[in-house]
Each structure stands twice: as structure tokens, then as C-alpha cells.
Amino acid sequence: MQPLNSLPKYNLFGVEEIGYKKARVVVLPIPYDSTVTYRSGTREGPRAIIEASRNMEWYSYELGEDISKVGVYTMDEMAPDLSSPRNMVRQIAKEVELIIKAGKLPLILGGEHTLTIGAAEALASIGKKISFIQFDAHSDTRDEMFGTKYMHATAMARTRELCKNVVSIGIRSMESDTNGGKNHTTYLMSDVHAKGIEKIAKEVAKITTDEIYITIDLDVLDPSEMPSVGTPEPDGMRFKDIVRFMELLSKEKRLVGFDLVELCPIPGMNAPNYLAAKLAYLTIGHFLLKK
Numbered sequence: 084m085q086p087l088n089s090l091p092k093y094n095l096f097g098v099e100e101i102g103y104k105k106a107r108v109v110v111l112p113i114p115y116d117s118t119v120t121y122r123s124g125t126r127e128g129p130r131a132i133i134e135a136s137r138n139m140e141w142y143s144y145e146l147g148e149d150i151s152k153v154g155v156y157t158m159d160e161m162a163p164d165l166s167s168p169r170n171m172v173r174q175i176a177k178e179v180e181l182i183i184k185a186g187k188l189p190l191i192l193g194g195e196h197t198l199t200i201g202a203a204e205a206l207a208s209i210g211k212k213i214s215f216i217q218f219d220a221h222s223d224t225r226d227e228m229f230g231t232k233y234m235h236a237t238a239m240a241r242t243r244e245l246c247k248n249v250v251s252i253g254i255r256s257m258e259s260d261t262n263g264g265k266n267h268t269t270y271l272m273s274d275v276h277a278k279g280i281e282k283i284a285k286e287v288a289k290i291t292t293d294e295i296y297i298t299i300d301l302d303v304l305d306p307s308e309m310p311s312v313g314t315p316e317p318d319g320m321r322f323k324d325i326v327r328f329m330e331l332l333s334k335e336k337r338l339v340g341f342d343l344v345e346l347c348p349i350p351g352m353n354a355p356n357y358l359a360a361k362l363a364y365l366t367i368g369h370f371l372l373k374k
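Here my numbering is used: the first residue of the sequence shown is 84, the next is one more, and so on.
Derived from the structure by calculation, the hints contain no laboratory data.
Where hints are given, some of them may not hold.
[Said to hold, decoys possible] Each computed DSBU-like pair below joins lysine-lysine, with the alpha-carbon atoms no more than 35 Å apart:
1. K373 x K265
2. K92 x K105
3. K177 x K265
4. K373 x K334
5. K373 x K187
6. K247 x K92
7. K152 x K323
8. K187 x K211
9. K323 x K92
10. K265 x K361
11. K184 x K289
12. K212 x K152
13. K212 x K265
14. K232 x K361
15. K232 x K285
16. K285 x K152
17. K187 x K334
18. K373 x K285
19. K211 x K265
20. K187 x K104
21. K105 x K212
22. K285 x K323
[Unchecked claim] Label-pair restraints from in silico Cβ distances:
23. E227 x K92: 35 to 45 Å
24. P306 x K104: 40 to 50 Å
25. T231 x S89: 43 to 53 Å
26. Y142 x Y103: 20 to 30 Å
27. Y121 x S166: 15 to 25 Å
28. P310 x E258: 35 to 45 Å
Computed from a prediction, not measured in an experiment: that's the story for all the values here.
The beta-carbon is built from N, C-alpha and C at its ideal position, and this holds for glycine as well.
Whole structure, please, built from the sequences with the hints as guidance.
If you want it as C-alpha cells, here you go:
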């Protein structure tokens with residue numbers, strides 16, 4: 084017997100359970116932050132995003148409809164493999180590959196940015212020739228750090244070895260090799276200021292494949308909007324500009340995967356968690372509810 088008034092379901096967006104088979108989007112929460120080098124706590128990110136999302140309205144005035152109707156299924160949290168970062172990446176790759184082969188769109192909630200390498204390996208293993216679009220304050224292009232090639236600061240170095248090309252947006256902290264050759268295009272934060280998000284979206288549409296994967300490290304946002312990250316960098320992007328980018332690119336590209344990483348919740352501060360949940364919701368809406 085159900086109570087007359089009950090709390091939303093414990094899953095992303097608090098939607099009614101529809102089952103894995105019927106879902107178009109499969110959410111994979113991964114509470115992993117074993118290679119964090121500054122402020123730890125991103126392991127709490129997935130749970131904080133899910134909790135905040137359960138208090139959202141499903142109707143989106145931006146899109147004029149209920150985004151949750153696309154069909155979202157939330158998996159149980161993936162247990163971290165603490166034996167080594169390489170083994171953790173392998174486990175993520177296996178899980179993401181299963182989701183993609185089932186015809187679903189994987190949405191990874193992190194956790195640290197290392198998780199993106201697992202998604203890149205999964206897509207490469209099944210022969211997907213796609214472009215990765217990275218929103219990030221940091222380039223994450225170190226080849227190795229602290230004796231491993233698999234950690235948050237090497238995420239895009241490994242990814243660009245596996246995919247067609249990488250586009251990075253919002254970068255304002257980097258190593259000297261950020262551009263990484265012909266298959267890596269970088270838009271620094273100064274480029275975002277100079278060109279504006281609409282021009283950048285048009286340029287990105289021209290240089291990327293028809294199918295794309297988007298990874299959002301939440302520290303790409305300005306700390307005034309997103310203080311809840313491990314390494315906040317001043318002079319960042321705005322929520323409205325990222326959403327506008329999604330709106331524009333969704334008209335020309337097919338999204339095959341998406342991750343939202345590096346939320347490091349601050350106790351008692353719920354607004355950043357809600358922002359992350361809303362960003363995930365609107366991204367899904369723009370790409371999966373095309374008119």
C-alpha cells in the first residue's frame with residue numbers, strides 16, 4: 084500500500100521506474116576519487132546530484148515539455164576498484180560498453196575526471212569514430228602523474244589517443260602541450276570571451292563528427308556559480324552559455340554519451356548540486372527531444 088504523499092523515487096530526477104529495457108538514457112553513478120590531487124570529496128558527487136535532482140520540476144519551460152519522458156533508468160552506484168586506476172578504468176569501460184551495445188545513451192555521474200577514459204575505451208572498442216567535447220577549466224593533458232597514466236590530470240591525453248578528435252572549451256589552466264597535435268582543438272577561456280558561445284558552437288559543429296560524446300568537468304563554470312569543485316579556477320563559463328551550446332549543437336549532432344564529473348559537494352550548500360542536476364537534465368532534453 085502506497086502512502087498518500089510519498090517522496091520522489093531515489094533515482095536521477097526522481098522519475099517513475101520504467102526498467103532498463105525501456106530506457107533511452109542509462110545513468111551510471113561512479114563515486115570514485117582515488118587520484119584527486121587537491122580537495123577530495125568528488126566521490127560524494129553522484130549522490131548529491133541525484134538528491135538535488137529529485138526536487139526538480141520535470142517540465143522545462145526552455146524546451147516546452149517534460150524532459151523525463153525520454154526514459155531514464157538509474158543504475159546502482161558502481162563500486163570503486165581501488166587496486167589501481169588502470170583497473171578502475173577497465174571496469175568502467177566494460178560497463179559503458181554494455182550500455183552502448185544495448186542501444187542506450189550512457190550518462191556517467193562522477194566522481195573524478197578519470198572516468199571519461201573508461202567511456203573513451205568503451206567507444207573505441209566497439210569501433211565508434213566519434214569526437215569528444217570537453218568542458219573544463221583544466222586541460223587534463225598530462226601524459227603521466229604520480230606514476231600513473233590513468234588519473235584525472237591525464238584524462239584527455241588518454242582520450243585523444245582513442246578517438247577521432249577532441250575539442251576542449253573553457254580551458255584556463257594547462258600544461259605546455261595542451262593542443263596535442265592535429266586531433267585536439269582548444270578554446271581557451273579568452274577565446275570564449277572574444278568569440279562568444281554561438282560562434283564557438285558553429286566552429287565546433289564544423290570540425291566534429293556527426294556523433295559526439297560530451298564530458299563536463301564542473302570546474303569549467305565560474306566559482307561564483309559552481310564553488311563545489313576540488314580545484315576552482317576564477318573567470319569561468321556561465322551555466323546559460325553551456326546550455327546554449329547544447330541547444331545549438333543538438334541541431335546538428337547525435338549525442339552517444341555524456342558525463343558530468345568533479346562535483347565536490349560543500350555541506351549545507353545545495354545550489355551547486357541543483358545546478359549540476361539541471362545541466363544534466365537540459366542536456367538530455369536538447370539532444371533527445373529534437374523537434
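Taking 35 Å as the top limit, are the C-alpha atoms of K373 and K187 close enough? Judged against 35 Å, a Cα distance of about 17 Å means the pair holds.
Measuring from beta carbon to beta carbon, are T231 and S89 in 43 to 53 Å? 45 Å Cβ-Cβ, so the 43 to 53 Å window holds.
For the pair we were handed, K187 and K211, check the Cα-Cα distance against 35 Å. Holds, at about 14 Å.
If you draw a straight line from the CA of K187 to the CA of K104, is it 35 Å or shorter? holds (9 Å)
If you draw a straight line from the CA of K212 to the CA of K152, is it 35 Å or shorter? holds (29 Å)
Mind checking the alpha carbons of K211 and K265 for me, to see if they're no more than 35 Å apart? holds (19 Å)
Given the range 15 to 25 Å, decide if the beta-carbon distance of Y121 to S166 lies inside it. holds (24 Å)
Need the status of pair K373, K334: alpha-carbon distance at most 35 Å? Given pair K373, K334 holds - Cα atoms ~7 Å apart, limit 35 Å.
Check whether the Cα positions of K285 and K323 lie no farther apart than 35 Å. Given that 35 Å is the threshold and the Cα spacing comes to 17 Å, the pair holds.
Do the alpha carbons of K265 and K361 lie within 35 Å of each other, as the hint requires? holds (34 Å)
I want to verify a distance hint. Is the separation of the beta carbons of P310 and E258 within 35 to 45 Å? For P310 and E258 the Cβ distance comes to about 25 Å; the hint is violated.
Taking only the CA atoms, is the gap from K177 to K265 under or equal to 35 Å? holds (29 Å)
In summary, the structure is inconsistent with hints 6, 28 from the numbered list given earlier, while agreeing with the others.
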